[in-house]
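Just need the whole structure built from these sequences, with the hints factored in.
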Amino acid sequence: MGAVILGTGSCLPEKILSNHDLGKIVDTNDEWILSRTGISTRRISGQGEATYQLGAAAARKAMEMAEVTVEEIDLIIVATMSAHMLMPSCACFIQKELGAVNAFAYDVNAACSGFLFALDNGDKFLRVEKGKKILIIGTETLSSRTNWEDRNTCILFGDGAGAVVAEYQDNERGVIASNLLSDGTLWNLLYMHTAPSCNPDLQLADNPGSHILMEGREVFKYAVKAMEGAIRDLLSRENVDMDSIDLMIPHQANIRILRKLVSRLGVKEEKVFINVQKYGNTSAASVPIALDEANREGRFKRGDLLLVCSFGGGFTWGASLLRW
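So that you can map any letter, position 156 of the sequence shown is 156 in our numbering, and since no number is skipped, the others follow by simple counting.
No lab work stands behind these hints: they were computed from the structure. Take these hints with a grain of salt, some might be off.
Below are the SDA-like pairs computed for lysine to any residue, each with C-alpha atoms no more than 25 Å apart in a straight line [unchecked claim]:
{"hint": "1", "residue 1": "Lys271", "residue 2": "Val240"}
{"hint": "2", "residue 1": "Lys271", "residue 2": "Leu34"}
{"hint": "3", "residue 1": "Lys271", "residue 2": "Leu305"}
{"hint": "4", "residue 1": "Lys15", "residue 2": "Gly38"}
{"hint": "5", "residue 1": "Lys278", "residue 2": "Arg217"}
{"hint": "6", "residue 1": "Lys271", "residue 2": "Arg173"}
{"hint": "7", "residue 1": "Lys225", "residue 2": "Arg173"}
{"hint": "8", "residue 1": "Lys221", "residue 2": "Thr28"}
{"hint": "9", "residue 1": "Lys24", "residue 2": "Leu213"}
{"hint": "10", "residue 1": "Lys130", "residue 2": "Asp150"}
{"hint": "11", "residue 1": "Lys271", "residue 2": "Arg237"}
{"hint": "12", "residue 1": "Lys221", "residue 2": "Met242"}
{"hint": "13", "residue 1": "Lys225", "residue 2": "Asp183"}
{"hint": "14", "residue 1": "Lys132", "residue 2": "Arg173"}
Here it is in structure tokens:
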């Protein structure tokens, strides 16, 4: 059918930042954060836990589960918006870290939707290049791109990485279809500047620095409607009803968005995997971390139908159906 996931892996930094810890940094407290986001803790990278290092560690775990050697990897696609360098790509650093000498590598930046976009890229590659094996990784160190004086954003984000190994199989397993969308006219509701331009004619007067800026209420409004629409259109197109879904793995943005989306879709709570309380919003790493945790907890089995969805800056959003 398409890209079949052979193994999953994830890596979280050692440092845990609790809501109580955040209350020492900005004017907030555990009750205020929990009631608005559902987040209790998030992971923050330290030395030796750069974006590419987290991604490589997650990839090793995925390859171990898949029983695939690094020499067998032909392609590495990395979804990130927080690479430690603009060039070379995070994917190239991960390739070096792993010693994946037979692979080519590149990054995808679709913010929180990055893993879904990368998975779709990988699926299309494998449908043409049958017999190949690929790594698809979502990895972020959003702590390096967060304004720690802005309580509206610093309470939300965390660091981490998730990865999958995939290959093409001509059977009923794998990626069935994806429905990916974007709307660049809404960029100013969720965005992040780069470093100031070295060309004075291209410098922006309103560049406050390369950290995340967000209009939270507006993002909430668009996120729920956009993901619901993408999911309903995908299921209709594939002639699949919501009751047929064995597990839904949404982007772990915040609990209010998740609850609203689940309510509008009419999904049973036991069919939705949620770990936002432990890690916060890890952007492109969110879905693959949740996928790995759900896999290792035995939340789904071979033949189950999985639905994954996400929404992020751009705006970008979408949904994918997978037969495990």
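For each hint, the structure was consulted:
Simply put, Lys271 and Val240 have alpha-carbon atoms about 16 Å apart, close enough for the 25 Å limit, and the pair holds. Restraint check for Lys271 and Leu34: the C-alpha separation of about 22 Å stays at or below 25 Å, so the hint holds. Annotation: proposed proximity of Lys271 to Leu305 holds, straight-line Cα distance about 11 Å (limit 25 Å). This hinted pair checks out: Lys15 and Gly38 have alpha carbons roughly 19 Å apart, not beyond 25 Å.
Restraint check for Lys278 and Arg217: the C-alpha separation of about 23 Å stays at or below 25 Å, so the hint holds. Taken as a hint, the Lys271 and Arg173 pair is honoured in the structure, with Cα atoms around 20 Å apart against an allowance of 25 Å. Proximity of Lys225 to Arg173 is assessed by CA-CA distance (about 29 Å); at most 25 Å being required, the pair is judged violated. A threshold of 25 Å between alpha carbons decides the hint, and for Lys221 with Thr28 the separation of about 24 Å falls inside it, so the pair holds.
For the proposed pair Lys24 and Leu213, the alpha carbon gap of about 22 Å is at most 25 Å, so the pair holds. Between Lys130 and Asp150 the alpha-carbon distance is near 48 Å, which puts this suggested pair outside the 25 Å criterion. For the hint pairing Lys271 with Arg237, the CA-to-CA distance comes to about 22 Å; that is within 25 Å, so the pair holds. Among the hinted pairs, Lys221 with Met242 is consistent with the structure: their alpha-carbon atoms are about 22 Å apart, no more than 25 Å.
A hinted pair counts as satisfied when its Cα atoms are at most 25 Å apart, and Lys225 with Asp183 qualifies at roughly 13 Å. For the hint pairing Lys132 with Arg173, the CA-to-CA distance comes to about 16 Å; that is within 25 Å, so the pair holds.
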